[in-house]
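With chain A's structure known, arrange chains B, C and D on it following the hints.
Chain residues, written in single-letter form:
Number of protein chains: 4
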Amino acid sequence: MDTPPTNDSKVEEYDFPAILEQIHEEVQEHLDKGEVADYIPALAEVPKSKFGMALAMLDGDVYTVGDAEDYFSIQSISKVYSLTMALDCIGADLWKRCGREPSGNSFNSLVQLEHENGIPRNPFINAGALVVADVLAKHFDDPKQAMLDFVRARAGDDSIESDPEVKKSEAEHGHRNAALVHFMRSFDNIDSAVEDVLDVYYHHCSLRMHCADLARSFLYLANRGQCRHSDCQVINPERAKRINALMLTCGTYDAAGDFAFHVGLPAKSGVGGGIVGVIPHVAAISVWSPGLDSKGNSLAGGIALDRFTQLTGLSVF
Amino acid sequence: MDTPPTNDSKVEEYDFPAILEQIHEEVQEHLDKGEVADYIPALAEVPKSKFGMALAMLDGDVYTVGDAEDYFSIQSISKVYSLTMALDCIGADLWKRCGREPSGNSFNSLVQLEHENGIPRNPFINAGALVVADVLAKHFDDPKQAMLDFVRARAGDDSIESDPEVKKSEAEHGHRNAALVHFMRSFDNIDSAVEDVLDVYYHHCSLRMHCADLARSFLYLANRGQCRHSDCQVINPERAKRINALMLTCGTYDAAGDFAFHVGLPAKSGVGGGIVGVIPHVAAISVWSPGLDSKGNSLAGGIALDRFTQLTGLSVF
Amino acid sequence: MDTPPTNDSKVEEYDFPAILEQIHEEVQEHLDKGEVADYIPALAEVPKSKFGMALAMLDGDVYTVGDAEDYFSIQSISKVYSLTMALDCIGADLWKRCGREPSGNSFNSLVQLEHENGIPRNPFINAGALVVADVLAKHFDDPKQAMLDFVRARAGDDSIESDPEVKKSEAEHGHRNAALVHFMRSFDNIDSAVEDVLDVYYHHCSLRMHCADLARSFLYLANRGQCRHSDCQVINPERAKRINALMLTCGTYDAAGDFAFHVGLPAKSGVGGGIVGVIPHVAAISVWSPGLDSKGNSLAGGIALDRFTQLTGLSVF
Amino acid sequence: MDTPPTNDSKVEEYDFPAILEQIHEEVQEHLDKGEVADYIPALAEVPKSKFGMALAMLDGDVYTVGDAEDYFSIQSISKVYSLTMALDCIGADLWKRCGREPSGNSFNSLVQLEHENGIPRNPFINAGALVVADVLAKHFDDPKQAMLDFVRARAGDDSIESDPEVKKSEAEHGHRNAALVHFMRSFDNIDSAVEDVLDVYYHHCSLRMHCADLARSFLYLANRGQCRHSDCQVINPERAKRINALMLTCGTYDAAGDFAFHVGLPAKSGVGGGIVGVIPHVAAISVWSPGLDSKGNSLAGGIALDRFTQLTGLSVF
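Residue numbers (my numbering), protein chains in the order written: chain A, 87 to 403; chain B, 87 to 403; chain C, 87 to 403; chain D, 87 to 403.
Calculated directly from the structure, the hints in this document are not laboratory data.
Hints should not be assumed to be uniformly reliable.
Any copy, or any two copies together, can satisfy a pair, since identical chains are not distinguished.
Each computed DSBU-like pair below joins lysine-lysine, with the alpha-carbon atoms no more than 30 angstroms apart [what the hints assert, rightly or not]: (1) K254 with K136; (2) K119 with K182; (3) K224 with K96; (4) K254 with K230; (5) K381 with K136; (6) K224 with K254; (7) K381 with K134; (8) K96 with K182; (9) K182 with K381; (10) K230 with K381.
Pulled out of the complex, with its shape left as it was, chain A reads as follows (with noise of 0.2 angstroms):
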């Protein structure tokens, strides 16, 4: 184990540069060792080798080490930014129609969602995003507009796109979600014609963004709710607070109780081989691999977050 510097060391004091350069070199024996994901040819393409780290501090300053200007298709790390616009529209009454606890079970399992009346267990499973696409898609007039518009702001980058081309080939194999929202729509728990939450929730999925975007974005979740670029408050602190709690218990799928006990950030990952996490009161940071490892996180991704973690000391606990 590395001594991580002392609780008394400042932020300022540490070597970010240097510590994104070491973790990319040591990564790169294991960048080869996960698997792309398949399931849809639009993500089965991206090589492997592709590793971007970025680390935005709340003072505005973005330290990246490697593509972290590549745009990848950042697919469950959307859910965060749907759940902070659902939460917006129709506040704690989202909590009736979805849990805030961890599933136990693999991320599109349809056995709790049926032993618990079509409620999901929370909001980062595919159930409860799509539970949260179906307010986003009943609240707003053009929801992927509006999805478009807060994205972009978050990040400071008008570019961001869905990208059609995986929206479509996420829709065509998508009958898994399709047979999700169909089911809880026969417990009620689902407003708007089927088709919509699935377009809604498939183009926040299919989100080309980079690393230095997603950090960036992040930034409002490690900083009591406040975005630094906009300077708005996107969400009040307590919400905030309570976004970072459902990230560390729920944000890396099946992994999340290992996540925590290794890395010790709030994070949401995606099977694009993304992943952020959240340094409260300090910074945000992300990371992309596209190799994954048995529960979908990023591979590399995960080591390479564990990595920072065990240079700095900066965890949670």
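Same frame as chain A, now just chains B, C and D:
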């Protein structure tokens, strides 16, 4: 929502006695709402009007309110001590026999155990704590004395004992735990005799401690593994971080997600009505109120900790 | 317990009209106890006072009592016809896509489907019947007309139709069935378009027949595969035996064990309140009463069949 | 497919010795394919080349082939005897403590037991048989002697014994059964001491009988409850019918549906490689071959019974 102190507040500036006093008043109306655990007679007799709270600072100060020096049965809170000791015995080998993921099911569920070949989900559900007890039964000549020594040293209180009446009562009503041990033994995940494992387990569940004891005894987890009173480095900083992570994701039964969402601290609860939380690098905090909510956690205790983090802004998120 | 006729009784010696009359009287007190299926409006309107029963002998005689010629919605009883047709289309290949075991769970459960890779437990739970419908959708140019032709020929009643209003209502309230088809398609166990499968399925569930129709139409299963009216060898004797076996183990939802225990006949029920049973080598028997028990089988219908086997000693055991 | 005799065949006209001989030859190639149960050493030693078969007719004739008089461990076949005895002790009250439905899960599953409050699905899964053993433990002064008396009388063989070595071995490897009893006791569905229940259970599972014994001993179930040898009315006809129904729906572990589909007889199997079937009003038939299929039923035994019903057309369907 209360406005918590800003991020720049110094812990030294809080008026903790006043905060504890305020919480003490606020929880009075909730004391009667929970249900005292009645599965063993000895627990059922404790009056619901009891409430105590203690805050042990890293600098040695301990603030208390209410019945903070009444001894009570710490029950599952003891699983944190036994886990710490078992990790000291066999290190990371423990994780071959026990997972680190939230269970998503009730705390003594056999379902997952069956699906997952006798490997419990985490060391805080009963099955996992029984594996931990098996490690202690095998490793120590006198595992019960070793536990007493450990707990007394951590709390700085040599009068701590295991309650023989409670222990006897647990054993008599413990067919479900006996089922768990037999079942895991059928998967070769138990080495010692079934009755020896249960003996160690019931002994530590029956420990009697008070709030001040509990808060002091958890300080090593807030202090990078170092005990304040004894100056002993109980475990290394990495392991302290990891036990905190496990408490946050798995420490409050099925309600861990919700507890993280509301309170935002690593914590471990027991059906005796105690809860202990860790504020990394700052303090340990304990609360006791015998009335339980539907998940088996102290109802007023949960409210008290929620209020504490709201009033102080002290949480890991 | 009544003393049934001895084993040496000749079927010719029974006074079936008197037996049916006796049962008709005895069930009157039970007609009101069940609950009419209300998940679709068209079913909810049928009066609970209705009761009919028909016994079709291999020699061509048909005995009836009560409302035995009132048409009603046969619902899941139609799954026996569709299974017979699908076996004729693809033979034992069907069993690669569908099991032959009781499900042990409610009739539209997704749980086992998830654990067992999209292979339904048996052809009489909804998931299995949807796989069967997929076979018909693929095999026939006009699967709905083919079903009508089959059923009319078996019952010798050309006026049998599918009720368009019931079918429309089923489709509107059928999100759970849609979920099942999408879900199985995600496992590649559905070939046709989701809506085509549902169209075939809802069409045959919405068939309207009466007790005399039903009893006559099941005679081929009592007669080694040969239809009495049409003299057509519908299926070979081995297959008839096997469909009977499936009805006995899986034909009455979660209550198949109990139904075998009490009645002891292969039988298939529907939520419209109909049940049809087979007495191999002797007869087919049907009953209709709209009030359902907690398992979804006709309450008075089950009692009537139980009484029939007690009074006659005719059961497979 | 063989053409079975027509429905009008008289049982008297079959050449049973020739049929058994033919089957004996046909199964030779399958004897090696199964796996001998190895969870207890005493069972693992039996050679896979063993095969015996016996047919006991209601008129007293017994036809045998192969190793039909080799004693072997009857294991779960004994659950039919214990069920018969328990029903005699407490009648239908048994069904308050045990269901009558197929389990849909493996034969010693704890899952359903947990979901269903400690009430086993049926008396032939281990949990159910342990409840039955509890009834015997409570009802008889010497339940093991009572069982021996019952079995010897049914088989007309006073040399039947329980194998002490097998029983000891079962107990030593029986942590899963011990788990089941403790677990059901936690739901108050066990009255006797855990070790007494296990003692009764392992005693009857360890009974040694041969094929001719087994076939003769099941004749009461083919003969409306009356034992042929002793002329004793063991149970009334209704109860015999019901035990047959239970065997058909639940008698061959997870394969009951498939077994009914292929063989079409009420039957009970044991992991010692024995299977006994009932042909109501005609005969009882037994087979023994130690190699098991993946579901725990004798592989060649299942094939032999399948062939028998094909060659004779004798099945309940």
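| said: As a check of your reading, is K254 near K136 (CA-CA no more than 30 angstroms) within one copy, between copies, both or neither? | reply: within (24 angstroms within a copy, 52 angstroms between copies)
| request: With 30 angstroms as the alpha-carbon cut-off, assign the pair K381 and K136 to within, between, both or neither. | output: within (20 angstroms within a copy, 45 angstroms between copies)
| said: Reference check for the pair K224 and K96, CA-CA at most 30 angstroms: within, between, both, or neither? | reply: Answer is neither; intra-copy 46 angstroms and inter-copy 44 angstroms both fail.
| field | Status of K182 relative to K96 across identical chains (alpha carbons, at most 30 angstroms) | value | neither (42 angstroms within a copy, 37 angstroms between copies)
| task | First find the shortest C-alpha distance between K224 and K254 inside one copy, then the shortest across copies, and answer within, between, both or neither for a cut-off of 30 angstroms. | result | Both: 22 angstroms inside a copy, 26 angstroms across copies.
| query | At most 30 angstroms between C-alpha atoms: does K254 with K230 qualify within a copy, between copies, both, or neither? | reply | within (15 angstroms within a copy, 32 angstroms between copies)
| Alpha-carbon proximity context of K182 and K381, limit 30 angstroms | Classified as both: same-chain Cα gap 28 angstroms, cross-chain 18 angstroms, threshold 30 angstroms.
| field | Alpha-carbon proximity between K230 and K381, which holds within one copy, between copies, both or neither at 30 angstroms | value | Within one copy only: 29 angstroms inside, 39 angstroms across.
| message | Reference check for the pair K381 and K134, CA-CA at most 30 angstroms: within, between, both, or neither? | response | Result: close within a single copy only, 17 angstroms intra versus 42 angstroms inter.
| said: As a check of your reading, is K119 near K182 (CA-CA no more than 30 angstroms) within one copy, between copies, both or neither? | reply: between (41 angstroms within a copy, 22 angstroms between copies)
In the structure shown, a violation is registered for the earlier hints numbered 3 and 8, in ascending order.
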